[in-house]
Amino acid sequence: MSSAVAPTTATSSPKFSFRNKNGGVANVDGPTLAKLGSNSTAQLHPKDDGEERAAAMPPASVMTRLILIMVWRKLIRNPNTYSSLIGVVWSLVSYRWGIEMPAIIAKSISILSDAGLGMAMFSLGLFMALQPRIIACGNKLAAYAMAVRFLVGPAMMAAASLAVGLRGVLLHIAIVQAALPQGIVPFVFAKEYNVHPNILSTAVIFGMLIALPITLVYYILLGL
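So for the sequence shown, numbering that gives the first Met the number 0 puts the first residue at 0; every next one is plus one.
FYI, nobody ran anything at the bench for these hints, they're computed from the structure.
Errors might be hidden in some of the hints.
[What the hints assert, rightly or not] With a Cα cut of at most 30 Å, we get these calculated DSS-like pairs of lysine-lysine:
| hint | residue 1 | residue 2 |
| --- | --- | --- |
| 1 | K139 | K190 |
| 2 | K106 | K190 |
| 3 | K73 | K190 |
Computed from a prediction, not measured in an experiment: that's the story for all the values here.
Please model the complete structure; the sequences and the hints are all you need to start from.
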């Protein structure tokens with residue numbers, strides 16, 4: 000069961016010839032590597048990472064379907080989805096047939112609503128206190144967010160109002176309402192799903208500080 004190994008020389012690279020028991024000679028070049036094992040004799044070759052990544056990526060339709068499935072699962076697990084649907088259905092039923100909610104249920108919902116708003120403000124303050132800087136997202140990004148909120152927002156509201164036929168005082172009121180500061184609810188969702196909560200927290204805090212002079216400017220310019 001022994002085999003003779005005869006070294007051979009070459010000018011470019013060393014070669015070895017392996018003589019087996021049947022008399023055959025197998026020449027093996029030096030630079031070529033082979034992974035020899037009990038179940039595998041696959042040769043190792045350089046791999047192209049770019050081609051492998053391109054081949055491994057699924058098509059756009061599959062990615063879109065996976066994203067929609069993930070969003071749908073998050074929506075059906077979120078209590079806010081059901082509460083919003085129940086609120087819309089109840090409003091339609093109450094308006095159509097004039098059904099009034101019992102006072103004890105209405106007061107209970109009001110208490111929960113007020114508590115939720117207070118907890119949202121507490122969460123915002125706690126998040127800001129844990130940040131290393133007062134402006135958590137940076138000065139440039141904060142200025143950009145304020146410009147979008149108080150300049151782009153009213154401009155888009157004006158365009159949408161004109162498109163649906165609003166004119167006069169109603170148009171001016173819609174523009175002023177679009178210039179109001181950012182609400183606290185978007186921060187709650189941004190913090191829950193970790194989607195830029197630093198930007199939303201800065202927009203809420205500093206939006207409240209500069210909302211009064213900006214709203215007054217819009218109020219004077221629109222002649223309200």
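We went through each hint and held it up to the structure:
no.	hint	result
1	K139 with K190	holds (21 Å)
2	K106 with K190	holds (28 Å)
3	K73 with K190	holds (15 Å)
Going down the numbered hints, you'll see the structure goes against none, and every one checks out.
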